[in-house]
Amino acid sequence: MYEILATRMLAPKIFEFEVKAPNVARKAQAGQFLIIRLHERGERIPLTIADYNRDIGSITIVFQVVGKTTDELSTFKEGDKLADVVGPLGNPSELENGKKVVLIGGGVGIAPIYPIAKSLKEANNEVVSIIGSRTAELLFWEDKMKQVSDRLIVCTDDGTKGRKGFVTEALEGLINEGEKIDRVWAIGPMIMMKFVASVAKKYNVPTTVSLNTIMVDGTGMCGACRCTVDGKIKFACADGPEFDAFKVDFDELLKRAIRFKEEEKIAYERYLKGRGA
Amino acid sequence: MGNLPKITKKSVPMAEQSPEERIHNFNEVPLGYTPEEAIAEASRCLHCVNPTCIEGCPVHIRIPDFIQAIKDGDFAKSIAIIKEDSSLPAVCGRVCPQEEQCQEKCIMGKIGDPIFIGKLERFVADWEASQGIEVTPVKGKREGKVAIIGAGPAGLTAAGELAKYGYEVVVFEALHDTGGVLRYGIPEFRLPKSIIDREVEYIKRLGVKIELDMVIGRTLSIDDLWADGFDAIFIGTGAGLPKFMGIPGENLNQVYSANEFLTRVNLMKAYLFPEYDTPIKIGKRVGIVGGGNVAMDAARTAVRLGAEKVYVIYRRTEKEMPARIEEIAHAKEEGIIFHFLSNPVEILGDADGNVVGMKCIRMQLGEPDESGRRKPIPIEGSEFTIELETVVTSIGTGPNPILLKAFPGLKLNRRGYIEADPETGATSIEGVYAGGDIVTGSATVILAMGAGKKSAKAIHEYISSKKK
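Chains as they are written, first to last, in the numbering used here: chain A, 5 to 281; chain B, 77 to 544.
These aren't lab readings, by the way, just hints derived from the structure by calculation. Treat the hints with care, as some may be off.
With the C-beta cut set under 8 Å, the calculated list includes, among others, these residues of chain A facing chain B [unchecked claim]:
no., residue
1, Lys31
2, Glu256
3, Lys259
4, Phe264
Heads up, the beta-carbon is just placed ideally off N, CA and C, and yes, glycines get one too.
All chains, please: the whole structure from these sequences, using the hints.
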């Protein structure tokens, strides 16, 4: 069992939990994920490691309430325990030195982009970060991102904070400023990553994305997380989660992400009804 | 007739749930022998002077002796005899392919039905369980600590044996529960989870420590294990990486690897969704590609999940199917439709990525290939389409790369499995042993168990010589 040390609501429906998991914290690196299971009847869901503290032996996860499991997780309190925390899984980010990099975090994707930005900064890269959300109240970790970025661009779709528009427009703006960007890292909704990839491709800026697919075991055993990269079947859990964005078949992933849409709806409605909500 | 035994050609059948009943539940299909039935079946044994059945058993259980004990009504003695050589009798009695091992060699089989050795093994194992678990405490601890990677049949066996030698043993398991393929792969109706729990409980009582949620190669490295003071390591991680066919449409939404399909249902209990959170979606018609035991498990699981039509698509004929005859017979009784000499060429989907059908081609058998089986060749222009909503691919597995990648220096064979001495499990690295599917590729529970046992002995010898 893995104890929850602290909980915090970052924005409506977005939560940050610090969980005691010394084995995971000991080895965690930027870009890796973990799998959690709430209780004996729970499903295994992957979450990117948003931060870790090796001294305390804790890891930080950030999640958005989108269905039954995440909603139930949001009701867990400090001192409650998760049945399982497994990790760190997936390959760590491949970090370069002395480059100019642009980090893009969209929505809840701001959380997993943070440890990568932090590590890139520590590796003497010039880090420009773009974080975006639909509206101002959904934005979080602006301060944390500022600390690990040489420059931070904030955008909201509705213009309630920072630049009005999508993260892709901010990226295109940066490129048009004429500065040479060596690499882009983008994490966020699948559709955002697809559009970031297409903008970056237009200007031929190498881009890495992190795929948060449906998974069961997370160790290469089931293939639920499979995707097509460069025309070949890859497993996000064992081969990724980071891939060359230009080679990823996002349209297939967009469809695979809603494989269990109806079942997810059934489970969520049943849960809400049982809770009397 | 004098002293000659009375010959009874017909074996004693084991009662089963009827197909009509069992397709609506996940309970075990064969119901077990009564003591009277077991004694009657045991009494058919001829007690050959040179018992060939033992040769057919990968772990050389003293079969005629345990059968004699059943005949004598001494079930405790019978199970004790089996346990000298096998650590998982309740499991092996159920899932071992006896018809191609011990029972195939049975002399009775030449004149009638062979003795149902597996069913007798199951009987005494279940009898023992009904008496409550008794564990003789391990006498005398030995100095030395062994890490076992993977809590499947190979790892659990090695762990149990090493604990009996008196070593401190820690099993590291990546999943949240024990058993490996016994739990995530083999369905409840063929191997109830309570039996795995029982066997694991036995091994724990021998003093083995099991650490779940530990992915060796990620959570801990091999160097961490050495640093933690382990004297030897046994790798029993299995062959868990599913293979795909490489045909168009394979990433459509309701195309599952058999591993995903069975893991969702068995380990995660998706058949109890939404009581349990993990979903499974199958639609009305399901196609299973492959002809092994795993394919039969997937097909029979699909029936129980409520599929109206379940097809098995296999590129050779029934004769070449690697699945156990018993499982094929069970599948047929449960209404599963077999398309032999057929091979998928494309999975068809709609605009949303949902499966709507599978295009197959008819095959004919040509010359034998390297496996000795006649090679299937497509018949040009013979394509046909099966309408269905779900496809489960069960065409085999490969070695899981996570541990192997994190273990440079460990010598692999041409197929990517660990190169290990067949007699000891010793690998290219001193103190590291391996056994089971991660060495042989997909094989059987009993072979994995046998490998675990041999490695345990070799590890014992290795540590003993080192600590001298």
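Status of the hints after comparison with the structure:
1. Lys31: holds (6 Å)
2. Glu256: holds (6 Å)
3. Lys259: holds (3 Å)
4. Phe264: holds (5 Å)
Hint check: no violations occur; every hint is consistent with the structure.
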